[in-house]
Amino acid sequence: MTEPIIQMKDIEKHFGAVIALAGVSMDVVPGECHCLLGDNGAGKSTFIKTMSGVHKPTKGEIFFEGKPMNFDRPRDAIAAGIATVYQDLAMIPLMSVSRNFFMGNEPTKKIAGLSFFDHKHANDVTMEEMRKMGINLRGPDQAVGTLSGGERQTVAIARAVHFGAKILILDEPTSALGVRQTSNVLATIDKVRSQGVAVVFITHNVRHALAVGDRFTVLDRGKTLGTAKRGEITPEELQDMMAGGRELATLEGSLGGTV
Amino acid sequence: MSDQSVSDIGRDERIKETSRLRKALVRPELGSICGAILVFVFFLLVARDSGMFAVDGIMNWGVVTAQFAIIAVGACLLMISGEFDLSVGSMIGFSGIVIALLSVTWGLPMWFAILVAFAVAMSIGWLNGYLVIKTGLPSFIVTLAFLYILRGLTIFIAISTTNKTIIGGVRDAAEGDWLAPLFGGKVLKGLFVWLADIGLVDTFVAGNLAGQPVVEGIPMLIVWAIALIVFAHILLTRTKFGNWIFASGGDAQAARYTGVPVNRVKILMFIFTAFCATVFATCQVMEFGSAAADRGLLKEFEAIISVVIGGALLTGGYGSVIGAALGALIFGVVQQGLFFAGVESSLFRVFLGTILLLAVILNTYIRRMITGEK
Ligand SMILES: Nc1ncnc2c1ncn2[C@@H]1O[C@H](COP(=O)(O)OP(=O)(O)O)[C@@H](O)[C@H]1O
Ligand SMILES: [Mg+2]
Chain A
15 MTEPIIQMKD IEKHFGAVIA LAGVSMDVVP GECHCLLGDN GAGKSTFIKT
65 MSGVHKPTKG EIFFEGKPMN FDRPRDAIAA GIATVYQDLA MIPLMSVSRN
115 FFMGNEPTKK IAGLSFFDHK HANDVTMEEM RKMGINLRGP DQAVGTLSGG
165 ERQTVAIARA VHFGAKILIL DEPTSALGVR QTSNVLATID KVRSQGVAVV
215 FITHNVRHAL AVGDRFTVLD RGKTLGTAKR GEITPEELQD MMAGGRELAT
265 LEGSLGGTV
Chain B
-5 MSDQSVSDIG RDERIKETSR LRKALVRPEL GSICGAILVF VFFLLVARDS
45 GMFAVDGIMN WGVVTAQFAI IAVGACLLMI SGEFDLSVGS MIGFSGIVIA
95 LLSVTWGLPM WFAILVAFAV AMSIGWLNGY LVIKTGLPSF IVTLAFLYIL
145 RGLTIFIAIS TTNKTIIGGV RDAAEGDWLA PLFGGKVLKG LFVWLADIGL
195 VDTFVAGNLA GQPVVEGIPM LIVWAIALIV FAHILLTRTK FGNWIFASGG
245 DAQAARYTGV PVNRVKILMF IFTAFCATVF ATCQVMEFGS AAADRGLLKE
295 FEAIISVVIG GALLTGGYGS VIGAALGALI FGVVQQGLFF AGVESSLFRV
345 FLGTILLLAV ILNTYIRRMI TGEK
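So the sequence lines, in the order shown, correspond to chains A and B. For the first sequence, the residue numbers in the working numbering are 15 to 273. For the second sequence, the residue numbers in the working numbering are -5 to 368.
No lab work stands behind these hints: they were computed from the structure. No false leads were mixed into what you were given.
Derived DSSO-like pairs (lysine-lysine); straight-line CA-CA distance at most 30 Å:
1) Lys134(A) / Lys234(B)
2) Lys234(B) / Lys123(A)
3) Lys180(A) / Lys234(B)
4) Lys70(A) / Lys128(B)
5) Lys180(A) / Lys205(A)
6) Lys146(A) / Lys234(B)
Working from the sequences, and respecting the hints, build out all of it.
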């Protein structure tokens, strides 16, 4: 197995009195899809935010490509190749797809010694990347607000990969999507993984995780219950771990195993 | 990639072809373009014989338009970046008093007084921005506080040092200064002498100016307005920083996640707004030859209304400098046009309020079209 690109060791994060993470460890290797599962409030988003430089862990160590990592700002993490697509805030609806695609990475060209936004390049690249991902845009100036949720996620993923993400973190990309849009996003994840990108896929849907995941780490109330490889664990066991082995056993009975 | 393939990608049977009209409609400037045309048609009909469209008449509303435009440009970029500055009017009065106090009362060189005014005003702009970012309070509240603080300080400083709220004698103090003409001077004087020679511009018939054109030249105020509009428009639409301005106002958190330095962008926009207010103040002080502590009253709202007429959303992330400039033009033409047409000038306020409402309604509609919200 290849060396992990990122290793998180005993990460703790406290927000005042709230202990969001109480010592979580996990690692990700290039070309795998590592699923991070857990119920709402389990600490998944907080955990990946420590990975992407948004939060500083209260305790714990992070190794990126073997070296201790200490990012002060998300910008540093992005520069190092850690890209995140957030569940709530991926795109800016009022801005065009092309402006969104290059947000924070604007291509420039020099005219008379001054640096200008290279709209032509931005538009061409955006159309090309969107075509590769199977999205038909009316034009690069189409506002993101007119795209569906799945299309927005795909734009965000294509954007991250285009800008050289080595680690792609997806925070519940499928939780608000319909069936067809979900399968599009899962197919996108598969494409990205096969390019050698390390994907961290957060979800609380076991079926979505099993559809693409290579390894699975379950979080429960800020703690990890360990990491399992594909094939080593059944959907039922995963589901059980997510609920912390609590009420699901009883639920299972009454719902006839449909959860 | 060829243009052909680009347009082929665009085909999807479920997406209705956007009509040209609709596409033209979904631009921030639309309302202000229509408004400007309407206003010109109206005054051409009712005030054509009043001299409003003679060279000196044009200069009259041109100057007023330029005043509105200078502060609207600052307010526009700030609003697109997601913030307001209600202290602009007070800042105008404050900067003016700083210039007059340093140059006239204390006898310091005019260029020094002007540079100090810019430095102080831009520091206050920075403080506005810093407080908004650090406290997380709405800029509406923070700058409202500065509206009062600055106005009060201005009057206090003027009274406690000179016992008056008006400081005159600025023209004499500016005599021979190298920087003052950049704000108080006029350009293209030769052109107007020539225009008068060939009879296109009237000349004074009596007095010590007899024989000279009624319009001496283009005031620097107008040059500043045009320069700021061009600068801000290019900055917003053609640069990387412009994309950051849109992103910061569109969704600050999403922008931060992609590495846009949102705080820096917003603070810079507060500083730029203060810069524009000081340009306004300096030009006005040079023109009037005096500074008064009550100058700039309500200017912040006029700036914001120009920007909103120009199609910017109050919630940030969307707007246009050209639109804001057209908003300023509508203001300038209507305010002076009512005067030319001999209409009671208080009606200008009625007009302001009405057009503000119409503009906001139109903008809300356009926003829904863009974002696909229902
Ligand atoms: N910025 C914050 N300040 C205070 N508490 C927070 C903050 N972010 C997250 N939390 C808390 O941390 C816990 C984990 O949240 P989160 O990581 O968003 O969970 P998940 O993404 O798994 O649903 C929750 O109890 C949440 O209220
Ligand atoms: Mg979450």
